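Participant: In order, the protein sequences belong to chains A and B. Residues 1 to 199 (the working numbering) are what the first sequence spells out, left to right. Residues 1 to 287 (the working numbering) are what the second sequence spells out, left to right.
Hints may contain errors.
[Unchecked claim] Label-pair distances were calculated between CB atoms; the ranges are: (1) 64(A) / 194(B): 51 to 59 Å; (2) 11(B) / 108(A): 39 to 47 Å; (3) 78(A) / 97(B): 30 to 38 Å.
Bear in mind the hints are in silico, worked out from the structure with no lab data behind them. The structure displayed is predicted, hence computed values, not measured ones. The beta carbon of each residue, even a glycine, is placed where N, CA and C say it ideally should be.
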Amino acid sequence: MNAPAATVPAAIVPAAIVVGCSTGGLDALRTLLGGLDPRLPQAVVVCSHTAAETAELLCGLLTHVAPLPVAEAAERQSVRGGVIHVAPSGYHLLVERDGRFALSVDPRVQHARPSIDVLFESAAETWGAALVGVILTGANADGAEGLRAVRRAGGVAVVQAPEDAQAAAMPLAALDLAGADHCLPLPAIAPLLNRLCLP
Amino acid sequence: MSSVRPAEDAALDDIELELFVRAMQRRHGYDFGQYARASLKRRVKRLAAQLDCATVTALTDRALHEAALLPRLLEGLSVPVSDLFRDPPVFRALREQVLPTLASHPRINIWQAGCAHGEEAYSLAILLEEAGLYERSQIYATDISVNALEKAREGIYPAREAQQWSRNYLAAGGRRSLADYYSARYGLIKLDRRLRRHITFAQHNLASDTVFCEAHLVLCRNVLIYFSNPLQDRCLALFRDSLVRGGFLCLGLRERLDFAPVAGDFAALDPALRLYRLAGPAAGAPA
Numbered sequence: 001m002n003a004p005a006a007t008v009p010a011a012i013v014p015a016a017i018v019v020g021c022s023t024g025g026l027d028a029l030r031t032l033l034g035g036l037d038p039r040l041p042q043a044v045v046v047c048s049h050t051a052a053e054t055a056e057l058l059c060g061l062l063t064h065v066a067p068l069p070v071a072e073a074a075e076r077q078s079v080r081g082g083v084i085h086v087a088p089s090g091y092h093l094l095v096e097r098d099g100r101f102a103l104s105v106d107p108r109v110q111h112a113r114p115s116i117d118v119l120f121e122s123a124a125e126t127w128g129a130a131l132v133g134v135i136l137t138g139a140n141a142d143g144a145e146g147l148r149a150v151r152r153a154g155g156v157a158v159v160q161a162p163e164d165a166q167a168a169a170m171p172l173a174a175l176d177l178a179g180a181d182h183c184l185p186l187p188a189i190a191p192l193l194n195r196l197c198l199p
Numbered sequence: 001m002s003s004v005r006p007a008e009d010a011a012l013d014d015i016e017l018e019l020f021v022r023a024m025q026r027r028h029g030y031d032f033g034q035y036a037r038a039s040l041k042r043r044v045k046r047l048a049a050q051l052d053c054a055t056v057t058a059l060t061d062r063a064l065h066e067a068a069l070l071p072r073l074l075e076g077l078s079v080p081v082s083d084l085f086r087d088p089p090v091f092r093a094l095r096e097q098v099l100p101t102l103a104s105h106p107r108i109n110i111w112q113a114g115c116a117h118g119e120e121a122y123s124l125a126i127l128l129e130e131a132g133l134y135e136r137s138q139i140y141a142t143d144i145s146v147n148a149l150e151k152a153r154e155g156i157y158p159a160r161e162a163q164q165w166s167r168n169y170l171a172a173g174g175r176r177s178l179a180d181y182y183s184a185r186y187g188l189i190k191l192d193r194r195l196r197r198h199i200t201f202a203q204h205n206l207a208s209d210t211v212f213c214e215a216h217l218v219l220c221r222n223v224l225i226y227f228s229n230p231l232q233d234r235c236l237a238l239f240r241d242s243l244v245r246g247g248f249l250c251l252g253l254r255e256r257l258d259f260a261p262v263a264g265d266f267a268a269l270d271p272a273l274r275l276y277r278l279a280g281p282a283a284g285a286p287a
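Bound conformation, chain A alone (with noise of 0.2 Å):
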């Protein structure tokens, strides 16, 4: 389950880090977001279903902590660098082969929407291997195909560690499907991050 980091390509930076949570994922983005180095190039999307009613408000709650900036994903805005990006309430988002976020109000995915599946696998098309994607606490089984399509497509999977979870299904069910690179508590997660991304 838990790979070696060899398996890793050394030569590919990644571009793009994608994460998803549910269930207890506010107190997980706090600790996972605030560990992160000011100096990371990378985009971070973020796919909360805590969110519900109030990407705002989750914006605002992030903002606190986290070292970069943080912004609500909004349609047609191009991915950026640097900047922590979530997912609006009620939409799928996507991410497009441009670099650009895209949302669509489909049908529930996993019974959720924004579903991190359909963020993973977009994103996963979008960046292959320069991606890494992180599977955080959560109550059902969203994410998993998702962080699947990264790893096929070369990225790097990250899960958290079940029993650190204040929900372990999510994790659960992504390490049954997907398996994963990198399966670690909380609070090694963000100098993981921070590692492979600034080589």
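Once you've looked at the hints, dock chain B against the given chain A.
Facilitator: Showing chain B alone in chain A's frame:
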């Protein structure tokens, strides 16, 4: 077992999608080439799965050889279903800020573009009814999909939606009970047929068709997000050209007018609710 998927596989996906889009255009005259790619790809793949096609190429094969399949294809590629009074603050603003102005017109024409199963068209009908304006109103509700239009004409929805829709209706300033407008039976709700009396459901393709009415209000929500920039610009120009001077435009809450070439033609009435008003060529025209 875990294998890195070669880049060629992703490229193959793109080729299959391109061929499908090409087939729809050449065989049926529907151009999806200006749809936003990522969500189009998801829809096409979902459609392939629903029609038991193992690949998008298999779907393309059927699209080419089974003419009768076209309505089903368009249904799968058109606007997804909505809710009655989705985003209640928008409908409250229409009720409180837009209808009082429209009331000054002897006839009120409304174009609701991308009507799916009719949820927003009927929501508008209820608003107009309660404002006492419906008898002199005409709602043109259009969609690319004839199957969707058929469903819209029926006005039948799953009863499980009723509770949320009732809350939406009240939050939008509804004066009665939403239940006054439907009957419930066998897990379904059926809207009062009288609501349909001033709605014309008609096929219209935003990617290729032109202006067909002079509208006082154009409502097109969560449709432009599926389009590329050039097609968005086309639609917005179409809306502008359809509107009377001082007419209103209402877009989806996450759609943006500010970067479009027509942006300068509109003034924001309530930018957070994406409610705009066409500025007249004559400055200082009466509101």
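Participant: Give me the numbers of the hints this structure contradicts, sorted from smallest to largest.
Facilitator: Number 2 - this is the single hint that the structure violates.
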